[in-house]
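> Spelled out, the chains give:
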Amino acid sequence: MHTLNFQDMMAALSRFWANQGCVIALPYDLEVGAGTMCPETFLRVLGPDPWKVAYPQPSRRPADGRYGENPNRLLKHTQMQVILKPPPADIQDLYLRSLAELGIRLRDHDIRFEEDNWEAPTLGAWGTGWQVMLDGLEITQFTYFQQCGGLDLDPVSAEITYGLERIAAFLQDVPSVYDIRWSDQHTYGEIRLQEELELSVYDFEAASPEVCRTLLDTYEGECLRLLGSYRDFSARRFPLRKAYELCLKCSHLFNILDARGAISVTERVALIARIRRMAVGVARIYVSRMQPAEGLEPVGEVQPA
Amino acid sequence: MRDDSGKVESREAAVLASIPELLEAPGLGAAHFAGPGESDATLPVLLEIGCEEIPARFLVDAERQLGERLEKALVEARLVRQEAGAVAVAATEPGQRQRRAAKPPDKSRSRVKTFSTPRRLIAHVGSLLVKQPDQTEEVTGPPIKVAFDAEGKPTRAAESFASKNGVEVKDLLHVETAKGLYLAAKKMTIGRAAVEVLADLLPKVIAGMTFPKSMVWEETGVRFVRPIRWIVALLGEGDQSKIIPFEVAGVKSGNITRSHRLARKPQVAVTGFKDYTNKLRRGHVEIDPERRRRRVRQQIQKLLASDTPELVSSLEPEASPLAPYADVSAPIPENRAPVSNLVPDADLEGWVVASTEWPQPILGSFEQRFLELPREILITVMRDHQKYFALEPAGSDGESGAGPESRDGGLMPSFVTMLNVPGDPQGIIRRGHERVLTARLEDAGFFWHADQKIPLPDRVALLERVTYHDKLGSYADKIRRTRSIAEFICAELESENQLNPGQKGHALRAVELCKCDLTTQMVQEFTEIQGIVGGLYAKAQGEPDEVWQAIYDHYKPVNLDDRCPRSVVGAVVSLADKLDAVIGGFSVGLEPTGSSDPFGLRRAGNGIVKIATEALPGLDLYNLASRAHQEIEPILSSRVAGGWKQIESFLSERLAFYLEAVAGLKYDTIRAVLSPEVSHSWNVPSRVLERAKALEAARKSADFQALAAAAKRTRNILTKSAKPEDFGARMPVSAELLRSQEERELYSASEAARAELAVLESGSDCKAAFHRLAKLRPAVDQFFDKVMVMDPDLALRANRLRLLSDLDTLAFRRFADLSELEAAVAPDS
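Chains as they are written, first to last, in the numbering used here: chain A, 112 to 416; chain B, 5 to 833.
Among these hints, one or two may not hold up.
[Said to hold, decoys possible] A few chain B residues facing chain A, derived, Cβ under 7 Å:
| no. | residue |
| --- | --- |
| 1 | P59 |
| 2 | M219 |
| 3 | N424 |
| 4 | V425 |
| 5 | G436 |
| 6 | L445 |
| 7 | A706 |
| 8 | D707 |
[Claimed, not checked] Across the chosen pairs, the derived CB separations fall in these ranges:
| no. | chain 1 | residue 1 | chain 2 | residue 2 | range |
| --- | --- | --- | --- | --- | --- |
| 9 | A | R216 | B | P249 | 54 to 62 Å |
| 10 | A | E230 | B | A667 | 56 to 64 Å |
| 11 | B | G546 | A | P232 | 36 to 44 Å |
Please keep in mind that the hints were generated in silico from the structure rather than gathered at the bench.
C-beta atoms are modelled at their ideal positions from N, C-alpha and C, and glycine is treated no differently.
Build the full structure now, drawing on both the sequences and the hints.
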């Protein structure tokens, strides 16, 4: 069988999940560490409404930057994110069928679901699940969300996160992610290598920790100001997503500072608690606006991490 | 049984194909059950809880828990006969459960047999009563005088009691009780059919299971370790079998199980345990973990002995049913000695057994150049990250080091990994694994070289930024505290000539550097070998042997089965590190409570006791720990007053645990030596161990048991019958007031022993000390036989009490508190 190139893979997975009733969303237009942080996941898993979505999401992790010199590590990698709320009973089979869509002949391989529980303290989120191993290679994170924004989820959502570069390098049998064929004309390296270098240089060297700190404080101030003014708006007009974007900005700045080693012992714990506080505040407003009858205090006491 | 005709390729088609079979499955709705006259009839039960992949680390306990819960429920429901080799389900203490967790459940003792794979928990009961026996019980009602009025007519109380029990008042009985005559009713409960009882009981057994980490996934909100996707519940076998109908977590019970994910026929209907086991084997699932374990061992042996090790011949999934397991044990070619051996690893083997339904090993290899990396790092990459077995050249299995990863000697550039599919005929899976391992080893090699560009001493300053604990500060803070504790220990050992100044220097150097590896990329990637990595870097950077070995060993012993550090210097560093953890932890309220021990302090405490007992014998731990506490408590930012009392009893408890778990001593022996009645009871753990062992041996003699009985009696008299101020406990015994022969003899026996016991106390021969104590028996026995202590003459009485009080201090709570010893059933003579 013809091996899919990188963009074909995204198309194949999008088509597969669209056929399962998923909305195919666009990648989010802000820096995020993972597809989980996009509102299409973080907000939509809250509350009672069923939801199915799939989208590719470039995900930035400054600490993983290697100036484009490591064949397996990327500062910005591509996730294919799928949310099924509530999860169908045959979800594992669906997932395995999606692998077949990528050209993985299941009978030729050893696919294992190994325990891996996911937790994102800055989002007040955690879940149980597995890392899916294909012949010893971790290709997917599979999670049943139990909590998000500090709130118990009912119904729970299943999250499937494919690591596209890894799968592509495996399928195309290339030694480096930069050798992946993105399209039939271009390699991954042609499209992304220079960007990896530039992002690494900025995050590790050029970024000014002082400016990052100032920005973080400013974004946080703006976010908390918005959350605090919730009652000044009619519920529907409250710019909730903007408050959430400000929280995401802070999360990314925290990651840059962390990669720089600019965060001290006690500060780290405190910063995580500050970001979590914003995320929890956003989640509570989202839920209380959706279910006013539930009596959840929207901007109530926010528990520190 | 239907044959497998009409083979279909796609999974969907296979599902459809199995549906007619399901509908025609024999026995559905046509079971013949024992009639009312045959209440002794029994039937087997099969329960399978089908799940998405259960984490390997929970599987053994989950299987045991299912067995215990089901057994208990069946006994309570009176569906199993009490006499049939009944074994009460023993409650286990949390600590014990943990210690047993690695072992497979003992299946031979229970009537409920259990099995498990990553996708299923299985229980099989060989014979269950088809119907509960009818039961008659007597229910006591109101007293007769309340139940009938003066004219003998039943009152409301009698009537309502009768109607509550469904009988007429005239049918009620009069029964005699301790409180008088009462009304009673005979209540007959007709036993229910097993199938009905099970339909109520099984969902409760399943939903009542608990796990260290559980989840919800559907609307009923049942918590389980992973989603339940199917349930097989059958009563009876073959044609007679019948589905036990119930629903848990939205899943209805049935008779359809699922094969291996890749099996051609993903779902099959089954009629009972035998049919189930056979069909699953054909579907590439072995339900019995012990058989999987045997298979793993045999297949690995075969693999390593075969001529072309990299080619694993195995049946393709498409081929005819796999050979039964008996064939797996086909003779291993003995003429060829394998060139490589597996580095033994029981934990990994357990993981492999718990994470596969159909284990099949394959051999892979990696490039020779990676062998420049230390053995410890290679094994960690393979074992912890990829779950591979490492291989070493045949004949290199001499036990020399502490664990498989730290034994001397090189490895082979190859590995064994366990597949969960029947084979890899084209080598596709092997190439995948080799590719992943190569990338991992490239990373490790990169870290190995990159980390050493900043030598360990230059990393000390970086520890200021690594958190140890919120309230306890950074690792740099921890090192400062640990250093002052280490200085105490060194001074102590130097004064006993157990340490020379050079070693002291090495110990303090090792303390300084021991946490520096936390700042390396290697440890950030492979956290499980922290300490070891530091030791390896220190070695590569030319630190003296005693220094790098002490760094390497400073987490040891990680539990009571682990070894102590290999040198005195290492023992000092490990002890100081752990004392800081315990003292610091208690000072900020992290002390262990119940089953929770967030900071692992029990483990640290066990390590402290083990080192003090085995690696640094003679060390006065009490004195050392209390000085360390005084020294470092003021340094800590948040203090809890009275912490020392807690730490003291914690360490004494850990020592008691050590004496029981490691030395295997009886609990009352331990209580006797650690009793607060004995001065300095736990100060020097190595001596406590000797004393406890000597006592355990000595207490078997009849003389000693008599002495222990006398000690109890003495203590009773002294504490319950008399007050110290009444008899002047501090005054000497007056020889003139000793009237009877027996008390004079006891007095002279005590005096004769006094000097000898003082000599024995300062020496180390505990056996001799207890032997000497035992010689007091005749005089003590005579005294208690003939002399009345509580004499009406108060002067005589006081003198006798003083004699006993003196004896108590001199003998009964000198080396151990003999009054703590419980009498043996049949003493040796």
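> With reference to the structure, classify each hint as holding or not holding.
Here is how each hint holds up against the structure:
With its C-beta approaching chain A no nearer than about 3 Å, B/P59 sits inside the 7 Å limit, and its interface hint holds. Restraint check, B/M219 versus chain A: the minimum CB separation of about 4 Å is within 7 Å; hint holds. Hint on B/N424 holds. Least Cβ distance to chain A is approximately 6 Å, under the 7 Å limit. The interface hint given for B/V425 is met, as the beta carbon of that residue sits about 5 Å from the closest beta carbon of chain A, less than 7 Å.
Below 7 Å, beta-carbon pairs count as interface contacts, and B/G436 has one with chain A at about 3 Å; its hint therefore holds. For the restraint placing B/L445 at the interface with chain A, the shortest Cβ-Cβ distance is roughly 12 Å, beyond the 7 Å limit, so the hint is violated. Hint on B/A706 is violated. Least Cβ distance to chain A is approximately 57 Å, over the 7 Å limit. Interface restraint check: B/D707 against chain A, minimum CB-CB distance 59 Å, threshold 7 Å, status violated.
Take A/R216 and B/P249: their Cβ atoms lie about 40 Å apart, and the range 54 to 62 Å is violated. Between A/E230 and B/A667 the CB atoms are about 41 Å apart, so this pair departs from the stated range of 56 to 64 Å. Taking the beta carbon of each, B/G546 and A/P232 are about 41 Å apart, inside 36 to 44 Å as hinted.
Checked against the numbered hints given earlier, this structure breaks hints 6, 7, 8, 9, 10; the rest are met.
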